[in-house]
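Enquirer: Now for the letters of each chain:
2 protein chains.
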Amino acid sequence: MKTTLQDCRALDAQDPLRTLREQFSLPEGVIYLDGNSLGVLPKTAAARVAEAVTQEWGQGLIRSWNSAGWFSLPQRLGDKIAQLIGAKPGEVVATDSTSINLYKVLSAALNIAAQDAPQRKVIVSERSNFPTDLYIAEALCKERGMKLQLVEPDGIAAALTAEVAVLMLTHVNYRTGAMHDMAAVTAAAHAAGVLTVWDLAHSAGAVPVDLHGAKADFSIGCGYKYLNGGPGAPAFVWVNPKHTDRFWQPLAGWWGHAAPFEFTPDYRPAAGISRYLCGTQPILSMTALECGLDGFLAAEPLGGMAALRRKSLALTDLFMALVEERCAGYGLGLATPRTHAQRGSQVCLTRKEGAYAIVQALIARGVIGDYRAGDPSTDSERTGSRDILRFGFTPLYIGFEDVWNAVEHLKQVLDTGEWQSAEFNQKHAVT
Amino acid sequence: MKTTLQDCRALDAQDPLRTLREQFSLPEGVIYLDGNSLGVLPKTAAARVAEAVTQEWGQGLIRSWNSAGWFSLPQRLGDKIAQLIGAKPGEVVATDSTSINLYKVLSAALNIAAQDAPQRKVIVSERSNFPTDLYIAEALCKERGMKLQLVEPDGIAAALTAEVAVLMLTHVNYRTGAMHDMAAVTAAAHAAGVLTVWDLAHSAGAVPVDLHGAKADFSIGCGYKYLNGGPGAPAFVWVNPKHTDRFWQPLAGWWGHAAPFEFTPDYRPAAGISRYLCGTQPILSMTALECGLDGFLAAEPLGGMAALRRKSLALTDLFMALVEERCAGYGLGLATPRTHAQRGSQVCLTRKEGAYAIVQALIARGVIGDYRAGDPSTDSERTGSRDILRFGFTPLYIGFEDVWNAVEHLKQVLDTGEWQSAEFNQKHAVT
Numbered sequence: 000m001k002t003t004l005q006d007c008r009a010l011d012a013q014d015p016l017r018t019l020r021e022q023f024s025l026p027e028g029v030i031y032l033d034g035n036s037l038g039v040l041p042k043t044a045a046a047r048v049a050e051a052v053t054q055e056w057g058q059g060l061i062r063s064w065n066s067a068g069w070f071s072l073p074q075r076l077g078d079k080i081a082q083l084i085g086a087k088p089g090e091v092v093a094t095d096s097t098s099i100n101l102y103k104v105l106s107a108a109l110n111i112a113a114q115d116a117p118q119r120k121v122i123v124s125e126r127s128n129f130p131t132d133l134y135i136a137e138a139l140c141k142e143r144g145m146k147l148q149l150v151e152p153d154g155i156a157a158a159l160t161a162e163v164a165v166l167m168l169t170h171v172n173y174r175t176g177a178m179h180d181m182a183a184v185t186a187a188a189h190a191a192g193v194l195t196v197w198d199l200a201h202s203a204g205a206v207p208v209d210l211h212g213a214k215a216d217f218s219i220g221c222g223y224k225y226l227n228g229g230p231g232a233p234a235f236v237w238v239n240p241k242h243t244d245r246f247w248q249p250l251a252g253w254w255g256h257a258a259p260f261e262f263t264p265d266y267r268p269a270a271g272i273s274r275y276l277c278g279t280q281p282i283l284s285m286t287a288l289e290c291g292l293d294g295f296l297a298a299e300p301l302g303g304m305a306a307l308r309r310k311s312l313a314l315t316d317l318f319m320a321l322v323e324e325r326c327a328g329y330g331l332g333l334a335t336p337r338t339h340a341q342r343g344s345q346v347c348l349t350r351k352e353g354a355y356a357i358v359q360a361l362i363a364r365g366v367i368g369d370y371r372a373g374d375p376s377t378d379s380e381r382t383g384s385r386d387i388l389r390f391g392f393t394p395l396y397i398g399f400e401d402v403w404n405a406v407e408h409l410k411q412v413l414d415t416g417e418w419q420s421a422e423f424n425q426k427h428a429v430t
Numbered sequence: 000m001k002t003t004l005q006d007c008r009a010l011d012a013q014d015p016l017r018t019l020r021e022q023f024s025l026p027e028g029v030i031y032l033d034g035n036s037l038g039v040l041p042k043t044a045a046a047r048v049a050e051a052v053t054q055e056w057g058q059g060l061i062r063s064w065n066s067a068g069w070f071s072l073p074q075r076l077g078d079k080i081a082q083l084i085g086a087k088p089g090e091v092v093a094t095d096s097t098s099i100n101l102y103k104v105l106s107a108a109l110n111i112a113a114q115d116a117p118q119r120k121v122i123v124s125e126r127s128n129f130p131t132d133l134y135i136a137e138a139l140c141k142e143r144g145m146k147l148q149l150v151e152p153d154g155i156a157a158a159l160t161a162e163v164a165v166l167m168l169t170h171v172n173y174r175t176g177a178m179h180d181m182a183a184v185t186a187a188a189h190a191a192g193v194l195t196v197w198d199l200a201h202s203a204g205a206v207p208v209d210l211h212g213a214k215a216d217f218s219i220g221c222g223y224k225y226l227n228g229g230p231g232a233p234a235f236v237w238v239n240p241k242h243t244d245r246f247w248q249p250l251a252g253w254w255g256h257a258a259p260f261e262f263t264p265d266y267r268p269a270a271g272i273s274r275y276l277c278g279t280q281p282i283l284s285m286t287a288l289e290c291g292l293d294g295f296l297a298a299e300p301l302g303g304m305a306a307l308r309r310k311s312l313a314l315t316d317l318f319m320a321l322v323e324e325r326c327a328g329y330g331l332g333l334a335t336p337r338t339h340a341q342r343g344s345q346v347c348l349t350r351k352e353g354a355y356a357i358v359q360a361l362i363a364r365g366v367i368g369d370y371r372a373g374d375p376s377t378d379s380e381r382t383g384s385r386d387i388l389r390f391g392f393t394p395l396y397i398g399f400e401d402v403w404n405a406v407e408h409l410k411q412v413l414d415t416g417e418w419q420s421a422e423f424n425q426k427h428a429v430t
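Going line by line, the protein sequences match chains A and B. Position 267 (the first sequence) corresponds to 266 in numbering that gives the first Met the number 0; numbering is contiguous. Position 227 (the second sequence) corresponds to 226 in numbering that gives the first Met the number 0; numbering is contiguous.
Mixed in with the good hints there might be a few duds.
As the list claims (entries may be wrong) - No farther apart than 27 Å at their CA atoms in a straight line, the calculated lysine-lysine pairs in the DSS-like style are these:
1. K241(B) x K87(B)
2. K146(A) x K120(A)
3. K120(A) x K120(B)
4. K120(B) x K146(A)
5. K241(A) x K141(B)
Claimed, not checked - Looking from chain B toward chain A, a few residues come up when the C-beta cut is under 7 Å (computed):
6. I99
7. G229
8. C277
9. T279
No lab work stands behind these hints, which were simulated from the structure alone. We treat Cβ as the ideally placed atom computed from N, Cα and C, and that holds for glycine.
If we strip away everything but chain A, and leave its shape as in the complex, we get (with noise of 0.2 Å):
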């Protein structure tokens, strides 16, 4: 029996998460598929972001470091962010961008097998794995003189051999949602003698996240998309407290510093994850994301990740049921596992011609998914061979009738050929 409409409001009647939507400033007319590249505006931060400024900044000025706790937001969201990745209080530090945090904790991981393991000259990732990510570690090879040793998903066991130093992953692809086993694999490499780095950027807040559990190493991930941190918001880095006082990394600023208002002329890391932190950050996009992280406070009683992640499963699953029934025969495949366990909080869907223009024509509708172009250096679709129409769920905000609405504007969509007529490709052509 095909599900319907009133299917979907009676999930939402059911959903204990409902209410958390309200917590959210959402436009009018749009259902926003797109919190995994920008998460929406919690309702608290425009007032809390006009006190850092008005208040904070323009009357307590240089005091503010103090009074306002400006100091210790990188310790104090971290901690934050830490009940959301299985990570205990005091290993986690929100601070810089992602990219760079990355270079800090592969800077390290390095230095511990070259004292460990110098013959392991090679870090290991996907080579479907976010560009930057494979860029920060192409830089550090090439500084170090050691090897980026890219392979596919099914590659990845194979390719732990004795020269491997380091094997960085994105937990969840941002091209295809699908989930690495993070205990699984960490425990493959570790038994190969390889350090692991993974990058949450599509995990933390979307997916539960057992860091410790998992045994990883080093650990990095964004503030800005599932986290609602705000346009650019500061990214995280955590390290596994065994490594995190053996070496220094490489961005020495003052405030990874033990001491540094003492200004001395030679640096003393400070213990602890306080040593990733380099310069001084921006306080008032680290005020926005203290928002979007309390915004996962509401959801504590109700079930907390687990609850979001079974409801991230349910709308998932729902779209790629009602995409099945309602848009068959239009060419579209799924790049997007099935299997729960292997699936993030997204769903991408795929085909030969047209998904960009197809995601422009929703868009117009108000359905903002996004796109990704195909990848022509590879066959298998499931590591993106075919341009990807990409569509993010995020339970705090979106609900089932989203899901059933989504899906008609793209049945619409498909239906009209609205997406193929010489006016709107020439309104929407690729700048």
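Guided by the hints, dock chain B onto chain A, whose structure is given.
Expert: Showing chain B alone in chain A's frame:
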């Protein structure tokens, strides 16, 4: 004849820049002499940041990367900074923190030296340079098997030997306000085959800077001091065009890629200064920074940086004179050079004891300067053997009567000895 309050009021009445302070939101009852640490709030920033939060983020969401121009903020703001430092459009980007930008340019400078003069293995800097600069250099030296040689200001020329790759200096010293002759020092360095890296943290927006005129090689600077960009505002980076495209910088993130949205697995650096970008930038903090930069536009028809410099020197001359006239006999020394060409936009007094408590007593009276501890490793007053009372004079919003009043409060603090009372010291103990 001694200066009077009436004289100061007359100076304000004649000051062609006196209306500029109307652009800023200053707390009632405060004389803010710490704009060299955190600049004040431009009145435009509250509304502009609120618009970025509620409209651009809240309503525009992911679309604002294009529609609100978020992607081009580093370049757009960079072009505005360029006008203040003698750089050309397209040569500066606003991004990341000062420490991180220093890591980028110092890495690039070392790469150039390694190719052009591989026998040069030393970075020279001042022992009293701002510590984070020294820490970053120390970390890079560790990585690359190089040596960081720290000298006193009068030892720089002699240190420029055939072993030196890079001379890294802060243009205006944070502890003393002493300013280097950028053109002369750069010429001496080049004559010795040495590349120069200039930190403009206490120069940009404070004193005229002419990077091209000085033939400088690399430069970085801070957004939240004299540029009034807000707490932790992004920093900036400039590279002499003759060097820009020669090497990658190691923080090779996707924003520095020639085509970031092609999502190719291999890094191809953008041409020009954009290759000094790394990851996604904190948009709310960038938005506030733009308001700070625009605060300099109103000074343009009034003579721009040259006029601001004239007023800055008049303010610091006046402060020095009034302290000597009115606070004699209290053991205050002067760390800042009297010679105009050697002075930034701050005045640093010295005292053997009590500097911290005196600064706290001033702050309690609404005169906000700051304190920097003496450096026990040197006995030269100019390089800071004694504790420092630091006062920044920002001609955009400080007037001559402010200077009078600040010195009047200093005199009263010293006359009454209120900073010495047990009650005061208990309340303001160093924590």
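Enquirer: Which earlier hints can't be squared with this structure?
Expert: Failing hints: none at all.
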